[in-house]
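Chemist: What follows is each chain in one-letter form.
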Amino acid sequence: MRGGRISSPPHRNMLTYITRRILYFVPLLLIVSIISFGILQLRPGNFLTKYRVDPRISEDTIKQMAERYGLNEPPYVQYWKWLQGIVTELDFGYSFETQQPVFNVLFKGRVIWTLVVMSSTLLFSWTIGILIGIYSATHQYSLADHLFTLFGFLGLSIPNFFLALLLLYLLSVVINVGPSLGVGGLFSSNYVGEPWSWGKFLNFLWHLWPAIVVMGTARMATVIRQMRGNLLDILGEQYVQTARSKGLSEIRVVLKHAVRNAINPLITMLGFELPYLIGGALITAIVLNLPTVERAFYGALLSQDIYVAASGLLFFSFLLLVGNLIADILLATVDPRIRYD
Amino acid sequence: MRSFSSIRIAFSLILALLLSVPLLAGELPQTPKVVDDRLNFGQNPQFGGTFVVSTTTGPEGFNPVIATSTSTIAITDLIFGRLFEVHPITLEQEPELAKSWKASEGGKVYTFYLREGLKWSDGQPLTAEDVVFTFKDLHFNPDVESDTRSQLQLKVDGEKKLPQVKKVDKYTVQFTFPKVFAPALEGLTTPILPKHVLKDQVHKLNPEVSQGNFNETWSLDTNVDEIVGCGPFTIKEFASGRYIILEKNPYSFFANEQGEQLPYLDKIKVLFVENEQASVTKFLNGGIDALSISAKNYPTLKKREPKENFRVYRAGPGFGTSHNFGFNQDVKDEDLKKLFRNVKFRRAVAYAFDEGTVVENVFNDLAQPQWGPISAANTLYHNPNLKKYSFDLDRARELLDEIGLTDEDGDGIRETSEGEDLAFTAITNAGSDRIDMANIFANDLEKIGIKMTVKGLEFNTVINRMLEGEFEVAVMSLVGSRDPHGTGTNVFGSDGGFHYWHWSAKDNPNEAEKKIDELLSKAASTVELEERQKYYDEYQRILSEQVPLLFTVQPEVLYAVWNYVGNVGETPSPYLLERRGSLFLPLAHLIYLKK
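Protein chains in written order, with our numbering: chain F, -15 to 325; chain E, -13 to 581.
Calculated from the structure, these hints are not laboratory results. Don't take every hint at face value.
Claimed, not checked - The calculated EDC-like cross-link candidates involving lysine to aspartate or glutamate, where the alpha carbons are at most 16 Å apart (straight line), are: (1) E:Lys253 with F:Glu178; (2) E:Lys185 with E:Glu115; (3) E:Lys222 with F:Glu178; (4) F:Lys92 with E:Asp207; (5) E:Lys147 with F:Glu178; (6) E:Lys437 with E:Asp393; (7) E:Lys165 with E:Glu444; (8) F:Lys34 with E:Glu454; (9) F:Lys34 with E:Glu444; (10) E:Lys141 with F:Glu178.
Excised from the complex, chain E in its bound form (with noise of 0.2 Å):
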């Protein structure tokens, strides 16, 4: 009886201290993130269960350093953690890895404090080191395919400098920077990555592996337990172009107000589904959770919302990708040159441009007009008080009429100064919705007198002769960037590398064009964010008024979610955010599955 009881004391012991196993598995750091209520607006969340997404592309690797695909990053963003992040939504600037910050000397120190506690997916600490790691050894080298590492880099008296980055304690990091440069902060937004793992493969602190072996390192035949992150979620499984699965990181540093560890999932499960068609009755058949979908999708799924358990939501304009049409001021053809360069003629054709019709007929009626280079979804540097061009065909005719086109011959098209019909072409690339909207437009200009000719070519040969500056006009769309600094000087400024209308701005900038350097430079020097608005609005009441590029409208961003789904969709904002065919989850570790 004795021995009997022994037995059933150590049995239980061995059940306790199985059973506490799944409780030792979650660890919170002693400083966690507390996602607060303003975010976590779903009613009881529940933990557990498996989120279905799919995505048209899958990650390219899971290197975050030397990724440039968004379906790379889209994946890596739940596996890393970053010092801090500017927030999907808010456009705030939140703590992630570090806990607080400081910038002192104007915007030109930055001192980070990380949490204490933090541990890497596989269960070793994660400090300072790791961070001088990610960017001294990593994106400061030049061996490493970074491009992080133009961000951060400053042109001080012609020469290209970098910062200093310096470990002070065990969970202090400071960032020296050669002068103040207010956009290199979004740079420091990259994702930290273990020294401990990472060290042995990269060249300059091992030299038995070759040149450039990190650029290879990470990549998508790594047996998916190599990689070891810090974010909210860890990859469980990888099937080539078949999906992903990935699961609650046992160390993820989220919690939410009571202090229990997030994610509320379990896993998320990604199934890459490059047919929007398939994806859509895969959604509909309940295969899929939550579904970022198109214009042309939006009618189907919307005509069977009443019936079904599911609501399509319209998050509003888009972040990046905004359509333009560029009118080239370097035209070989003189006249046209002369034309195009004229302000007065990039306004009358930009009244030309009937923004409803497009809207309607080539989104759906699910598109914005936009009048300036920054989206209306940053909140934070839209400026809403443009100079808006709206359709008015009367005073397309009156402009060109104040120039002196005029149509002499009766033909119905007019006449530049050479007598010669005004004619030229515009370039897009075929098979895409910029070609509908170049049609309506050419079929506005005839009745103000103007002929276009729609011309579609392969995407690669619509970029090479913009590049090259061999075309009258293209239609282009253009990625936004968060911060307004990347897009602004790329494109705007008149060195930019894709300042594709005007290629001898670089030389020769004319009045607009060095008060748009200026402004640019000015945002740029400082760290005020009201300062930075200021400059801002002024450089986008410049391009506004200016019309070097005909901003056209911006797609609405628009997806479809199952109800059972909590903490996606129940604000106007979009939770779930498609850039280019990848599926983005920046807050994925608050949804949560309803029982």
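Pulled out of the complex, with its shape left as it was, chain F reads as follows (with noise of 0.2 Å):
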């Protein structure tokens, strides 16, 4: 995949590449389709199972239920369905539990909210990342090292749970921020359904930081750690040396000869970036009440609203395969080393 071809211009190479790589999504997804479809199935029962329980709920009810859902179907034809009306109609199927089309359960007035806090951490981490571990690497073992070191394991090891009921616990018994300001949600309660407004804007950034912090601190230190390694090995290199001897300024040395190519590494990290976002958003929307894609997803696990599950696996293989995708052509682009066939 990464062999050195010559002949044909680089570019073109890419693109054929990357035509090559979006191919090979479909039947990717299509076996993740299958498999996560097949897990949903394995789980006893069905939607309609906790209503059996309800003697307010007669048999009859749930029996016409059943039929309107196609719960009575064999699973193959259930998934042969769902997949059909995906290919052709770009329908995701219809969720039981909210009575609407999965797509607006999962994504409607949610994909925004997913993507907003997702690269919102996503800078905070790796902008926050990068600089302390280009400190570390060049004030290696002072205070402020271990220190830095000390804070980016913390928020490796402390669970986001843990710190997203933490921050609340602060903000809203210990120093008790009021009403007005609010804690959790997107807004505080007497901004919830009104205009947009200025002061709409600074209170949705105000419910915006505790997500950013729990989230991001959780992935810091990884940034931290890789950057600060990868720039001590590059330091170390004879071509920093030299860049050194030819008496360039010390600042000049690392920024633009070392951390150049220390940073490579953590590009092809970017890509995988996606799965750990994605798995801490979940902890952290619950916990903070943000309403993500995640949630609508997790809601319709725990209720089997099957195809609104399914579609939620679906979508976030999705995203790591782009996320995948994204990295190999931002190396590519950064490295001239790496060719593509």
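Fit the two chains together into the complex; they arrive one by one in their own frames, and the hints show the way.
Modeler: Now the structure itself:
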């Protein structure tokens, strides 16, 4: 895959490479969909089982609902119909729980918040992480280096839900920020349902930072350690010594020569960042009450709303594939040694 | 100068017109439902404001006809009116859209007289047409997934029959049942829907729409402006997974004794917060005005109460859910079957259930022992004089000895008649209070020489195994119905759909089960409350003596409210009821905010 070929221009290779990779998505996602649907079917009972303990709901009603939802059909028929819907009409099925198309449950009004939370977390953890990594490498074994390491590992080892609860408790009970600022959710109660305004936007930012901190600190340690390690390796290389001996200032040596090369392995890591973000966002979203795709997915898993759950899994797999592709493309752009066939 | 003043007159006329618009916006019917003082106990209630609450689950749709989940009903109850309603606190039948009604022919015929001048939230008149439409074209239409239909369906000579519904005049509707059947009345408390808005969505009335189309009408993705109601509130905005905002219905038919139109509130914001911890912090921060809480959060809030301007209330036992142990009387093991069918054995284990420790350790002292099938909250039918099996291990041992269960080999476990150790497994869903409860029970059973293993399974697995009768002991909660008939027939009736501890009773009921069936059918065939109470007293007495299910404890309803909220929590009665994760505001039109 990464063999060298000099004959054709690199950008054309790149284009065919991307096309091929995207074509690979199809069989991969197909397999993912079969496995996820199969696993969901393995769970005993179905969406309607819980109604059996409710004496207020008659068996006739349950039968009628099972008929309408197609739950009486064998699993492979259910799967085939679901797949057909996706391929022919981009219809991801029907949500039993919320009585509407899956697309509306999972994505409508949610994808935007998922993307905002994820991208701001990524920006936060990577910017700070890389900066700290550079500082730690250039000031190896200093007090600050140790402190940053400690801080990074604390962030890594404190579970997200705990940190989120801790922050909530701190804000609402210890400091008591009051109802106008508010804690949890996207806005304070008085801005809920109001049109956008500067006040509402600022209130939104106030509600966003705990999520960013909770999810960001969890990943920051990895970025710090990677950056620090890579940079330390590179700083020992001969060409860095050469640059120094040419009389370049230390800042120029580090930023212009060393950091550029030290950052490459991190880009590969970037592609794998998405699954961590999705996992972290799930728990954080539940505790901080953020309306993300993950939360809808989680709810569907609990209530056996199978089409929502299966579509959610499909969506996350798709994100993962895209993330990896983006990382590979980025790597090729920054590292001229890499060629694609 | 002259022209100037005419401009001024014109201007002030326009101004007056503009000012009168808000006055016109609220319109009461000629005969509004006046909420009497007994229920309106706040001091000088004030109008206006937004009440913010949270709930763990949002609605699953806005169509009350097909609604099965409590979280949906919690919302639709606020936007639709009923002919009459059973008051959530007094349990008396209260008139709503109907100003009065009368029963004739011994309770076979019901005639309802609607209030005059009722209007839907879009300003159209609400008449008998809408009532007939709601029952005849919706609930009684096999194309519609209505559960009310099965409630109103009566078996006459082995055939299922629905009542006849007929419009007498613009304001009068008559229901004729094929026979006297008291529980059916509860089926008539279903919300009334607007014919002019919905008739085109019903296949029967408009063949252009597909069959079953109505079941998907007024779902969550419907534009909320299309949802026309007649309750105290209408839906202003809904954001899936985030919140729902309700606002005062300008045509609400509720009024206070001063003749002012209710509700007091302008808006209710319901935030969806699934994590209880998150909603507690939000409440403490002042972002939520009232909150229903579980026993585990009670101490935290109670501790902060003296320093803060809120109060935490204990509203007594809950209405619905109760936890039970069911001993499978059809179990495959012959020895166990013989024991589980022996009432002395069931009584013995009932004495071994330590309700005090369970209440203290599992429910933070916030639950009450329950001895029968009807919760103490159901003041109309609860029988307080039942046989009580207060924790008494000696009494339990005595009973076991009487049956002839003894420990011959001295290993601490009694043997069955076949000489095998008396051991069985109790199943329940993992991660629930029931597991803790079962472990405490198992611990005490061991002291009297019975080995019970507790096994936590997935919820649906437990239900399936109960439905198939593939278990020895099962621990489950059952949702109680307001009229004892629902739970009674479904759970304790010998051919009930959830008579899970004795499925074979369907063909071969025992004497006690026959008696229960008889009492249930007698209680259903009279509309006289006193007579019904007599039958249900007897029904509870038999069940407490026979212990087909071991009743355990009933958790209390708990909630916290900020002091600036009026008409909530000033009595010990639950104005805010939490039913399975959904916040109910049965009297939301009375809530007000103190300025």
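Chemist: Now, for every hint given, state plainly whether the structure supports it.
Modeler: Outcome of the hint check:
1. Distance hint between E:Lys253 and F:Glu178 is fulfilled; the C-alpha atoms sit about 13 Å from each other, no more than 16 Å.
2. A threshold of 16 Å between alpha carbons decides the hint, and for E:Lys185 with E:Glu115 the separation of about 11 Å falls inside it, so the pair holds.
3. Restraint check for E:Lys222 and F:Glu178: satisfied, since their Cα atoms lie roughly 11 Å apart, inside the 16 Å limit.
4. Restraint check: the Cα-Cα separation between F:Lys92 and E:Asp207 comes to about 10 Å, which is no more than 16 Å; the hinted pair holds.
5. Our distance criterion of 16 Å between C-alpha atoms is broken by E:Lys147 and F:Glu178, whose separation comes to about 50 Å.
6. For the proposed pair E:Lys437 and E:Asp393, the alpha carbon gap of about 12 Å is at most 16 Å, so the pair holds.
7. Annotation: proposed proximity of E:Lys165 to E:Glu444 is violated, straight-line Cα distance about 43 Å (limit 16 Å).
8. Between F:Lys34 and E:Glu454, the direct Cα distance comes to roughly 15 Å. Compliance with the 16 Å bound is thereby established for this hinted pair.
9. Restraint check for F:Lys34 and E:Glu444: satisfied, since their Cα atoms lie roughly 12 Å apart, inside the 16 Å limit.
10. Of the supplied pair hints, the one linking E:Lys141 and F:Glu178 is violated, its CA atoms being roughly 53 Å apart against a limit of 16 Å.
Hint check: violations occur at hints 5, 7 and 10; the rest are consistent with the structure.
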